[in-house]
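Asks: Here's the letter readout for the chains.
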Amino acid sequence: MEEATLSFKARAERALADPTLKIAIDRTTGTAERKRAVAMNQFPQFEAARERGKRIKDHVIANLDHYLLEFERNAIASGAKVYWAATAEEASQIVVRLCKEAGARRVTRVKSMLGEEIGLPHALDEAGIERVETDLAEHIVQLGGDRPSHIVWPSMHRTREQVSEMFKRLHRAPHQEETIEAMVDSARRELRDKFLSADVAISGANFLLADTGATCTVTNEGNAELTTTPPRVHIVTAGIEKLVPSMGHAIAMLRLLVRSATGADVTQYTTFHCGPKQAGDRDGPEEFHIVLVDNGRSRMLREGMQEMLRCIRCGACMNHCVVFRQLGGHVYGGTYPGPMGAVLTPVFDGLEKSRDLPHACTMNGKCQEVCPVAIPLPTLLRGWRDRSWREGLEPTVVRFGLGIHTFVASHPRLYRLGTAIAVRVMRLFSRGGLVKGMPGLGAWTAYREFPAPAKRTFMEMVKDQENAR
Amino acid sequence: MNEPRSVSRPVSPRVALFATCLVDAMRPSVGFAALKLLRDAGCRVEVPQAQTCCGQPAFNSGDTAHAATLARHFIQTFEGYDYVVAPSGSCIGMTRVHYAEALADDPAWAERARRLGERSFELMSFLTDVMGYAPTDVRLDTSFTYHDSCSGLRELGVHDQPRALLGKVAGLTLKPLEGNDVCCGFGGTFCVKYAAISNAVVGEKAEAIERSGARLLLGGDLGCLMNMAGKLKRKGSSVRAFHAAEVLAGMGGGAAIGEEG
Numbered sequence: 001m002e003e004a005t006l007s008f009k010a011r012a013e014r015a016l017a018d019p020t021l022k023i024a025i026d027r028t029t030g031t032a033e034r035k036r037a038v039a040m041n042q043f044p045q046f047e048a049a050r051e052r053g054k055r056i057k058d059h060v061i062a063n064l065d066h067y068l069l070e071f072e073r074n075a076i077a078s079g080a081k082v083y084w085a086a087t088a089e090e091a092s093q094i095v096v097r098l099c100k101e102a103g104a105r106r107v108t109r110v111k112s113m114l115g116e117e118i119g120l121p122h123a124l125d126e127a128g129i130e131r132v133e134t135d136l137a138e139h140i141v142q143l144g145g146d147r148p149s150h151i152v153w154p155s156m157h158r159t160r161e162q163v164s165e166m167f168k169r170l171h172r173a174p175h176q177e178e179t180i181e182a183m184v185d186s187a188r189r190e191l192r193d194k195f196l197s198a199d200v201a202i203s204g205a206n207f208l209l210a211d212t213g214a215t216c217t218v219t220n221e222g223n224a225e226l227t228t229t230p231p232r233v234h235i236v237t238a239g240i241e242k243l244v245p246s247m248g249h250a251i252a253m254l255r256l257l258v259r260s261a262t263g264a265d266v267t268q269y270t271t272f273h274c275g276p277k278q279a280g281d282r283d284g285p286e287e288f289h290i291v292l293v294d295n296g297r298s299r300m301l302r303e304g305m306q307e308m309l310r311c312i313r314c315g316a317c318m319n320h321c322v323v324f325r326q327l328g329g330h331v332y333g334g335t336y337p338g339p340m341g342a343v344l345t346p347v348f349d350g351l352e353k354s355r356d357l358p359h360a361c362t363m364n365g366k367c368q369e370v371c372p373v374a375i376p377l378p379t380l381l382r383g384w385r386d387r388s389w390r391e392g393l394e395p396t397v398v399r400f401g402l403g404i405h406t407f408v409a410s411h412p413r414l415y416r417l418g419t420a421i422a423v424r425v426m427r428l429f430s431r432g433g434l435v436k437g438m439p440g441l442g443a444w445t446a447y448r449e450f451p452a453p454a455k456r457t458f459m460e461m462v463k464d465q466e467n468a469r
Numbered sequence: 001m002n003e004p005r006s007v008s009r010p011v012s013p014r015v016a017l018f019a020t021c022l023v024d025a026m027r028p029s030v031g032f033a034a035l036k037l038l039r040d041a042g043c044r045v046e047v048p049q050a051q052t053c054c055g056q057p058a059f060n061s062g063d064t065a066h067a068a069t070l071a072r073h074f075i076q077t078f079e080g081y082d083y084v085v086a087p088s089g090s091c092i093g094m095t096r097v098h099y100a101e102a103l104a105d106d107p108a109w110a111e112r113a114r115r116l117g118e119r120s121f122e123l124m125s126f127l128t129d130v131m132g133y134a135p136t137d138v139r140l141d142t143s144f145t146y147h148d149s150c151s152g153l154r155e156l157g158v159h160d161q162p163r164a165l166l167g168k169v170a171g172l173t174l175k176p177l178e179g180n181d182v183c184c185g186f187g188g189t190f191c192v193k194y195a196a197i198s199n200a201v202v203g204e205k206a207e208a209i210e211r212s213g214a215r216l217l218l219g220g221d222l223g224c225l226m227n228m229a230g231k232l233k234r235k236g237s238s239v240r241a242f243h244a245a246e247v248l249a250g251m252g253g254g255a256a257i258g259e260e261g
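Which chain is which? The protein sequence lines are A and B, in order.
With the UniProt record's numbering as the guide, the letters of the first sequence map in order to residues 1 to 469.
With the UniProt record's numbering as the guide, the letters of the second sequence map in order to residues 1 to 261.
Where hints are given, some of them may not hold.
Here are the computed lysine-lysine pairs in the BS3-like style, where the Cα-Cα straight-line distance is at most 27 Å [said to hold, decoys possible]:
#1 A/81 with A/353
#2 B/193 with A/9
#3 A/436 with B/193
#4 A/9 with A/22
#5 A/455 with A/436
#6 B/235 with B/168
#7 A/277 with A/100
#8 A/22 with A/463
#9 A/22 with A/35
#10 B/235 with A/22
#11 A/353 with B/193
#12 A/436 with B/168
#13 A/35 with B/36
#14 A/194 with A/81
#15 B/193 with A/22
#16 A/54 with A/22
#17 B/36 with A/463
#18 A/9 with A/277
#19 A/81 with A/100
#20 B/36 with B/168
#21 B/175 with A/455
#22 A/54 with A/35
#23 A/353 with A/9
#24 B/235 with B/175
#25 A/168 with A/22
#26 B/235 with A/455
#27 A/9 with B/235
#28 A/194 with A/100
Calculated from the structure, these hints are not laboratory results.
As the structure is a prediction and not an experimental result, all values here were calculated from the model.
If we strip away everything but chain A, and leave its shape as in the complex, we get (with noise of 0.2 Å):
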């Protein structure tokens, strides 16, 4: 069965019967969560960057009007074209509008999850234009015809070993040897020509810097820079909420972006792009586009969801979550998995079809003690359950229970009766220890023991000692 016709909960028992992903999730979010530790270690002033970042953020998004102004000034005074889109659907028509008119047969795509958002690979297939998907993990989602299951790592979900056999099923010269080196160059001999022969480029930006206008792209495999220089027009999708001030703001966000997301101290490349070659460059496009997304973006701004703007898509909060752990990203269903991911994906996909992600969580706040901005994401996922039950989508056994539920424990007598009987009916069911084969247990002792209760509760006992005084 496809995946997206399955229900949350469906996906989730398949992801959590497939040993082979459950090996992959574990080494990719285990090595993550051990550098990212180190790496902390090593940076005492984390908790004084991540107040400066979280500042640098909010002061942005605060001011959001001014500085997008500021950099569309700069970006057209640089030479680039600044495009305005407001949803997913007109930013991905945009980038198909320009690619056809520059008469692209290949575009080359540096890994961008703005990209995957606005639904670009499927408007470039659409429109028959060849896609290269340049960054390895991008190249190997792009083999296997699936979708990024994490941010950072968008092939995750693929053991080596499954990438070893796909090399060897699908490139033209694959490797001999079964080293990570020796697949590497297989993937680099089947994207050099490519990157070569392209005729756009397309990436994302981690950050917008409004006092240039220029993009600011980091990479560990330098696939961006190969990427956006040969082709003759260069076209950057990002989205609103990338924006910093200038070039000292982008650097203090980079110091924690970096460290979060993979535990190095900067990545090994660092690009920023600043308009259209110039006359005395040696090279760069001759055509630069930036598509400014909002997708969403200003909506969360007027609903209360401001905090979630500064985001800079770091992995951390899925990296330590357990319930991503168990369940890699494809079950989330939308662009973004893990707990940003259960943020966002009801902005854009609507709450009523994504009711599960903001509940599909323990709440037990590590992800907002991971993050590099220190979004309160337990506090926004509960935001979401508190409109799901306004706007009426919970289910209709919850709310009628918890509607008993309040009604008994605001009437202290009452309460003190209802669980006096509980208790002796969990009793009934009680042998050695354990409630066993109870009615309305059974989604708890499908998996473990439920211990027997005391034979009478403690307000009762209470009550007879302080009697017996």
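For this one, chain A is given, so just place chain B on it according to the hints.
Replies: This is chain B only, laid out in the frame that chain A set:
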């Protein structure tokens, strides 16, 4: 030069014990352990009969209006005392941190919630941070590992206190738990709403507990303990689970969670 500030301890404060709904219904011994510890620490303890539920199930289900109703009931029940103490970080996290959110539309009540919140404590942190208490003459010759329940750890900063208290129990040695700050998968109603996911999480937790080599699992929240003890039992593990208060009150020789009492 500043003089080191002397820590002022309250003298026989009037403390209300909030047993929590789980302790009330499932494991009264934790309530009696808390009573004993608070009295030993010099508190005048009362157990208000009007206490019910803190409202966390409603709040976390998105039912903010009902959570607010139960928050008001809780505040009315407990605000006349010097302190309110519960053997749970989760419930006190609700009353200290989240009542103000649940009552955000009602500033007068939100202010009452805030004032009571300042006097609401999880048991281990109250005994240590407020009363400066340490148990004496408690002995238990065994080893234990400790799971830090998430709300207590992250919302209230409960980490060192239970370890300091348990360190005073003669004969008891700590075996560290790998991932001691990783959620056990309980999550209140999460554990039944998403039972399969919860099971996968608690399965890994149970393995880590067994790897610690400890004979006892201790913690400060009965919900998490029932989840972990239930999984350990189902696996046929011999690790026995108690609330830390039970061990501190000298009740560690009794029936563990899920054993015939």
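Asks: Work down the list of hints and note, for each, if the structure agrees.
Replies: Tested hints:
In summary, the hint linking residue 81 of chain A to residue 353 of chain A is not supported, as the alpha carbons are separated by about 36 Å, beyond the 27 Å threshold. Distance check on the hinted pair: residue 193 of chain B and residue 9 of chain A sit about 10 Å apart at the alpha-carbon level, within 27 Å; holds. For the proposed pair residue 436 of chain A and residue 193 of chain B, the alpha carbon gap of about 20 Å is at most 27 Å, so the pair holds. For the proposed pair residue 9 of chain A and residue 22 of chain A, the alpha carbon gap of about 17 Å is at most 27 Å, so the pair holds.
Restraint check for residue 455 of chain A and residue 436 of chain A: satisfied, since their Cα atoms lie roughly 16 Å apart, inside the 27 Å limit. Between residue 235 of chain B and residue 168 of chain B the alpha-carbon distance is near 31 Å, which puts this suggested pair outside the 27 Å criterion. Between the alpha carbons of residue 277 of chain A and residue 100 of chain A the distance comes to roughly 21 Å, so the proposed pair stays at or under 27 Å and holds. Proximity of residue 22 of chain A to residue 463 of chain A is assessed by CA-CA distance (about 51 Å); at most 27 Å being required, the pair is judged violated.
At most 27 Å may separate the alpha-carbon atoms for a hinted pair to count; residue 22 of chain A and residue 35 of chain A meet this at roughly 19 Å. Restraint check for residue 235 of chain B and residue 22 of chain A: satisfied, since their Cα atoms lie roughly 20 Å apart, inside the 27 Å limit. Our distance criterion of 27 Å between C-alpha atoms is met by residue 353 of chain A and residue 193 of chain B, whose separation comes to about 17 Å. Distance hint between residue 436 of chain A and residue 168 of chain B is unfulfilled; the C-alpha atoms sit about 38 Å from each other, more than 27 Å.
For the suggested pair residue 35 of chain A and residue 36 of chain B, the alpha carbons sit about 45 Å apart, so the restraint of at most 27 Å is broken. For the proposed pair residue 194 of chain A and residue 81 of chain A, the alpha carbon gap of about 26 Å is at most 27 Å, so the pair holds. Between the alpha carbons of residue 193 of chain B and residue 22 of chain A the distance comes to roughly 22 Å, so the proposed pair stays at or under 27 Å and holds. A threshold of 27 Å between alpha carbons decides the hint, and for residue 54 of chain A with residue 22 of chain A the separation of about 33 Å lies outside it, so the pair is violated.
Restraint check for residue 36 of chain B and residue 463 of chain A: the C-alpha separation of about 16 Å stays at or below 27 Å, so the hint holds. Proposed proximity of residue 9 of chain A and residue 277 of chain A is contradicted: the alpha carbons are some 51 Å apart, above 27 Å. At roughly 16 Å between alpha-carbon atoms, residue 81 of chain A and residue 100 of chain A fall within 27 Å of each other, so this suggested pair holds. Taken as a hint, the residue 36 of chain B and residue 168 of chain B pair is honoured in the structure, with Cα atoms around 16 Å apart against an allowance of 27 Å.
Annotation: proposed proximity of residue 175 of chain B to residue 455 of chain A is violated, straight-line Cα distance about 33 Å (limit 27 Å). Restraint check: the Cα-Cα separation between residue 54 of chain A and residue 35 of chain A comes to about 23 Å, which is no more than 27 Å; the hinted pair holds. Distance check on the hinted pair: residue 353 of chain A and residue 9 of chain A sit about 13 Å apart at the alpha-carbon level, within 27 Å; holds. This hinted pair checks out: residue 235 of chain B and residue 175 of chain B have alpha carbons roughly 20 Å apart, not beyond 27 Å.
For the suggested pair residue 168 of chain A and residue 22 of chain A, the alpha carbons sit about 23 Å apart, so the restraint of at most 27 Å is met. At roughly 26 Å between alpha-carbon atoms, residue 235 of chain B and residue 455 of chain A fall within 27 Å of each other, so this suggested pair holds. As the CA atoms of residue 9 of chain A and residue 235 of chain B are separated by approximately 24 Å, the hinted pair is consistent with the 27 Å bound. Between the alpha carbons of residue 194 of chain A and residue 100 of chain A the distance comes to roughly 18 Å, so the proposed pair stays at or under 27 Å and holds.
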